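**Q** Make a model of the complete structure from these sequences and hints.
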Amino acid sequence: MVDAAIHVEGLSKRFGDVVALDGIDFEVPSRTVFGLLGPNGAGKTTAIRILSTVLAPDGGVAEVLGHDVSRSPDAVRRVIGLAGQFAAIDPNLTGRENLRLIGMLTQMVPSAIHPRADELLGRFDLVDAADRPARTYSGGMRRRLDIAAALMPRPPVLFLDEPTTGLDLFSRNELWNMIRELVHDGTTVLLTTQYLEEADKLAGRVAVIDHGRVIANDAPSVLKAQLGSTVAELGFEEEDPAERARSLLAEGHNVEREGFTVRLSTNDGPRVLIEVLRTLDVAQLAPSTLTVHEPSLDDVFLALTGRHAEVETQEEELVGAGRSGRRGRR
Amino acid sequence: MSAIAVEKLELAAPVRAIRDAMAVTWRNLIGYRRVPQLLVFSTIQPVIFVVLFRYVFGGAIKVPGSIEYVDYLMPGVFVQTVVFGAIATAIGLATDLKTGLLERFRSLPMARSAVLAGRTTADLARNVFVVLLMLAVGFLVGFRIHTDVLGAVGGILLLLGFGYAMCWIFAAVGLAVGDPETAQAAAFPVLAPLVFASTLFVPAESMPGWLQAWANHQPVSVTAKGVRYLMLGDTPQGHASDVWTALLWIAGILVVFAPLAVRRYRRV
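In order, the protein sequences belong to chains A and B. For the record, in the first sequence the residue sitting at position 131 is 142 according to this note's numbering, with numbers rising by one throughout. For the record, in the second sequence the residue sitting at position 135 is 1179 according to this note's numbering, with numbers rising by one throughout.
Hints listed in this document are in silico derivations from the structure and should not be mistaken for laboratory results. Incorrect hints may have been included.
Covered stretches of chain B (in silico footprint by chain A; criterion: 3 or more residues with CB under 8 Å from a CB of chain A, positions within the stretch not fixed) [stated by the list, open to error]:
(1) 1150–1157
(2) 1210–1217
(3) 1268–1277
Heads up, incomplete: computed chain A residues facing chain B, CB under 10 Å, no partners named [what the hints assert, rightly or not]:
(4) G21
(5) R88
(6) V120
(7) P121
(8) A160
The structure presented is a predicted model; accordingly, all values stated were derived computationally and were not measured. Note that CB positions come from ideal geometry on N, CA and C, so glycine has one too.
**A** Below you can see the structure in the form of structure tokens.
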């Protein structure tokens, strides 16, 4: 409680007839990454918008570094950075000008603005494009500029709404590294994601949100362990080596064979995989293909609710289209 | 937290409001510079009107009193320019709303007034440029100021004031519709009766009685008459009283629409 950077209690919000948040609670300790995991329309973005003072809650408490979002929104705005789902940058300004604008509007000391902008342009690999209007940027570049803008005033609390959507693999890894660095330096990060993998990679703790409620709040590894398993598929050229591999691995592992493919499931993916590959190598049964499936958000949902996240998404989107046709977002 | 703290300015609220509004104005003016189409678009149309009315229709239009038609026409064209120019305010804000930029601004520790103040100030600056440009066009086709420098400046100020008030109407419109295309489409049906059923281009005498009443007294015509008085002197086409009526309209529009736009901004 003392060291909570973000405190949310009984937070609720409705849009007309639709309940976006149905009394959620969670707490984010300082200097950690907290993930809000859930399908589209679950209420993740609504929670972020309330915490960043963009949207007023209907009920409940939301505090950032001890400042209440309703009572002292300006104090909240001074300690947060927000990167929403869509790159909110001015297409007519250059990358550098966009950062400068945010620097001015976040009340940064003028002499600090240029060095900070240069630093961020460098870190986000935008130096070459820094003096081109942002409308000439690719989707990934806009996204990076958007996140750089959120970081301009070095906010102690950072909100990232689906930060890696639309990023290529390289940029995504870069961003993940940067988030870890920020946390190391003392930042608290609240991010939303639809990907269990992302939550697992970054977040110390995850709240799974469904229909505006928190249905689970735990470390991602615990969530994953609860529901199960990494599946590794080993492909062979012929049936004979596949069968020999299956019988070799059958001791101590959960395996089955289907044609040339051996499927192995485990709760301890990486360690078991190393061991399996070593065993196969010694037996000169190296597989020709290897695919690994990690549990997904859908698996989490299935385990927690007995329903598929995918189906929920579609229903929610139909509801969403009716309620927020104005801008198609929540 | 100290490891990442950054020095912030602690300014008094009014100082912050002005600084923030200036930052947003700067940003909007860069937009005009980078996308000159917006500016060109809002000047080409009035130039076409000047040519059309000065050289094609003008000969057939009789202006009561002793003033030349070109002198009657140009103040009307100036008003038309600032009125149609206000659509850009709606388009600008609707675009910012759509792209999510307003959402970001609302999460920043900036004055709540800055977005609208910055938008309308940038549009005011644009109007200065456009009005001076149209004044030059007017001189080219034979328009002359019959009063003095004071009258000319007064006329320009009245135009800018009216244009500024129109921007607030369209700020509210832009935020209400939230989409630049819709903003543009919605603007024309509202503006057409104001700009065309007016005394901007032709005197009301030739219109049917019911239309005369509207054309003579609606704010766009009144402003044009006020500008005519300031630039041409006291003629049947503009009296000192028109200047006062125009100022009242400007104040009235601002009193109604500025709070409306601000309320709209707080809720988007």
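**Q** Taking the hints in turn, state whether each one holds.
**A** Going through the hints against the structure:
1. Interface restraint, the region 1150–1157 of chain B with chain A: holds (5 residues with C-beta to C-beta distance below 8 Å; minimum three).
2. Counting residues of the region 1210–1217 of chain B whose beta-carbon sits less than 8 Å from any beta-carbon of chain A gives 0, not enough to reach three: the coverage restraint is violated.
3. Remark: the region 1268–1277 of chain B is not confirmed as covered by chain A, as 0 of its residues place a Cβ nearer than 8 Å to a Cβ of that chain, below the required three.
4. Because the beta carbon of A:G21 sits about 23 Å from the nearest beta carbon in chain B, more than 10 Å, this interface hint is broken.
5. Against a cut-off of 10 Å between C-beta atoms, the interface hint on A:R88 holds, since the closest Cβ of chain B lies about 4 Å away.
6. Checking A:V120 against chain B: minimum C-beta separation of about 5 Å stays under 10 Å; hint holds.
7. About 8 Å separates the beta-carbon of A:P121 from the nearest beta-carbon of chain B, less than 10 Å, and the hint is met.
8. A least Cβ separation of about 7 Å between A:A160 and chain B falls short of the 10 Å threshold, and the interface hint therefore holds.
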